[in-house]
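A.B. asks: The primary structure of each chain is shown beneath.
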Amino acid sequence: MSQPRASTPLPASGASATDLSCRLPGLALFLAAALWLLFGSVLALLASIKFHTPNFLADPAWLTYGRIRPAAGGAFLYGFGMQAGLAMTLWMMARLGRTALAWPGLVMAGAFFWNLGVAAGVGGILSGDSTGFPALEFPSYAAGLIFIGYVLMAASGVLAFRQRREREVYVSQWFLLTALFWFPWIYSTAQMLVVLGPARGVLQPLIAWWYSANLLTVWFGLVGLAGLFYFVPQAAGGELHSRYLAIFSFWTLTLFGSWAVAPALAPLPAWITVWSRVATVLLVLPLLTVMLNLHGTLRGRCSLLRQTVAQPFFQAAIPGFAVALALRILGVLFDAGGLLHLTWFAPAVAQCWLYLFFAMAMFGAAYTILPRLAGRDFPFPALVRAHFWLALLGGALIVAPWAAGGWLEAARESDPAIPFLAVVKSTLMFLRISTIGELLLALGHLVFLVNLGSLVARLCKGLAMTALAEATAETRPAEVRA
Amino acid sequence: MNYGPLIFLAAFFALAASWFQFVLAPMVQLGSLPQTNTLTGVTYPLARPGEAAQGLQVYRANGCAVCHSQQVGQRGTVFEVELTAAGTNRAAVAEVLGALQPGLGSGAAERLLDSLPRTWLRVKDKETAEGAQKRLTAAGAKAQVGIVPTGPDIARGWGKRRTVAEDFIYDDPVLPGDQRVGPDLANVGGRLPDVNWHYRHLYAPRAEVADSTMPPHRFLFERRKLGKAPSPEALRLPPAYAPEPGYEIVPRPEARALAAYLLSLRADAPLFAAPLTAPLPAPTNAASAAGASTK
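Line order of the protein sequences matches chains W and C.
Heads up: the first sequence begins at 1 in the working numbering, then just goes up one per residue.
Heads up: the second sequence begins at 483 in the working numbering, then just goes up one per residue.
No lab work stands behind these hints: they were computed from the structure.
Built from N, CA and C at the ideal position, the CB exists for glycine as well.
One thing to keep in mind: the hints can contain errors.
Pairwise CB distance ranges (calculated) [claimed, not checked]:
id: 1; chain 1: C; residue 1: Pro720; chain 2: W; residue 2: Met192; range: 45 to 51 Å
id: 2; chain 1: W; residue 1: Phe56; chain 2: C; residue 2: Ala590; range: 43 to 49 Å
id: 3; chain 1: W; residue 1: Pro416; chain 2: C; residue 2: Ala711; range: 42 to 48 Å
id: 4; chain 1: W; residue 1: Val284; chain 2: C; residue 2: Ala724; range: 56 to 62 Å
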């Protein structure tokens, strides 16, 4: 009965120790991330349906649009995005350092606090405790838990880096190490100056914008790119094209990403908004260098790809990255009146970045890492393909209508002869198309969760069988093979 | 090669630069932004009254800022020459008018002078406006230069000027919003001053705005059985939205606070940071202030 363990294709020595040390935290974090992902996408779907009929679920206060949309965002950002990103970070830190993950128990404790924090945060938003600032809506009691959880998990990642046996530091490692340090700084600043001891007047939204730019552009950008720079060369069977281009991308993304803060019309001194616009345009530098680097890595090797189930996700994440940054830059360049960022164009850019780039990279990472951690393949390979197409189509069916609708909205809004209600109504068709996208995403996330849940269930069953076999074997030593 | 320290320094520098730029420097500049004077000499802004301040919390809790911005944009300003009185030498003034506006016949100029005070000229640059004002004054007329902000938001009546940092000094939290799924609310109190309109609109948006896409906020209201007489604050709703006979809809404290907050939203005081001239009916006080603010 000890078949399951015998059939596990665990690689030799170093990797095996890494994977075994990451098994419990990695699976737990990704499983929790998948749960929050599904939960968030159901909330987003409900929010989207309200554009078909505003009366839909209007009576309970906790289901009003102004609560479930931020709650969906919080569940996605903190529940899925950062959690999956941290899981990948921890595994990669151990893997690239050829060491075991330091103190997996610490990570589990961190994951506990983190998920408690996300639950408190999402519950807080739904019950009316939101702080009101985009990407920073979680109330202070949730923020404390989140912070503790993050520090515990990040400590393990930093320790793994300190204990590395491979002295050569790979590109992805500094991306991840930087991200690990970035979040506590921005989160503590934002919490202290926006939530706990609020600064005066418009400083509050300014610091909240600063935080969300740092979180979305820098943290998610660094972690997503670390994934691409590791998994894409690996899948192509080669090396990353240029380390120096990667340094340049790293430097420009952190510098300009953290400066591209305030929207054009914000009631702030002009130098802040102008500086932000310039920095946004300069994001063209990381855009070009990352694309050059990945192009160089993949040149002549595309025929070698498509061998793993995860590969399509990485292949989608690359254009996702490029399109998101390009849209963002175009949005600033062609937004003469500053109205575009107040339309659906801005959420379209964010969705493209967070979903078609970051989430796609994380799905690819999950489908690559988790079979190694579990020592077995995902039970339903067909569901992985289904997940891919649902995620890609769903994401595109949200980003494209929002971007197009937002562009039209800005054009119509700048003509005061068109009544504002007519402007709003002209976006409805686009929003209703995006409901299909939200539905596809929710389905895709369900598929992901089912596949991941079955993987974990089979692993547990296998481990239990092995344990049982070992336990029973002791009583009948004669039957054990010689 | 060990890039570790170098990379760490680079990242530290990037984040520190961003922090100095967007947290520390704005704190120094705006962290103790004082009350200011309007162009007419009134202290601005004043803290919102207590119920309105509570209403801001209802606004925050229900995510109103997810759909509504409070930031009026402004694309530029135009300068107006406002003629308030023709003075004693009408012929000279009419001559100046004719010289400044070649197509204007003498008969038309006379008729124009009969319908004062009025805005006569609208130009993009201050110099032209001031030149015209000087010539008119020299001819004995009374004229002043006015500043009028322009832009689509202002043309929609969402505000008279752009929103500036001073408008938010006393609010906590400050929620200028990121999206306009619904209209801008920076001046909704001035635009829609009827509290009952807001009650009805919050309870059933389509009762007030046909085809509104706003979700109803019925949870801010209480449906209760009619007592001996209807409550004075019961909502007067159109039949399609009215409760069944024997019941009435009254605002809960949250709705009252939210409506008070919405009515308190008026960011239209003329400031030195965002000047505008009070419209013509009260031109005497504004004249000197407007002149000072164009500097």
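A.B. asks: Starting from the range 45 to 51 Å, see whether the pair Pro720 of chain C and Met192 of chain W falls in it by beta-carbon distance.
C.D. replies: With a Cβ separation near 49 Å, Pro720 of chain C and Met192 of chain W satisfy 45 to 51 Å, so the hint holds.
A.B. asks: Are Pro416 of chain W and Ala711 of chain C spaced within 42 to 48 Å by their CB atoms?
C.D. replies: Since Pro416 of chain W and Ala711 of chain C have Cβ atoms about 46 Å apart, the given range 42 to 48 Å holds.
A.B. asks: Quick check: does the Cβ-Cβ distance between Val284 of chain W and Ala724 of chain C fall within 56 to 62 Å?
C.D. replies: For Val284 of chain W and Ala724 of chain C the Cβ distance comes to about 57 Å; the hint holds.
A.B. asks: Could you see if the CB distance from Phe56 of chain W to Ala590 of chain C stays within 43 to 49 Å?
C.D. replies: violated, 59 Å
Checked against the numbered hints given earlier, the structure breaks only hint 2 and satisfies all the rest.
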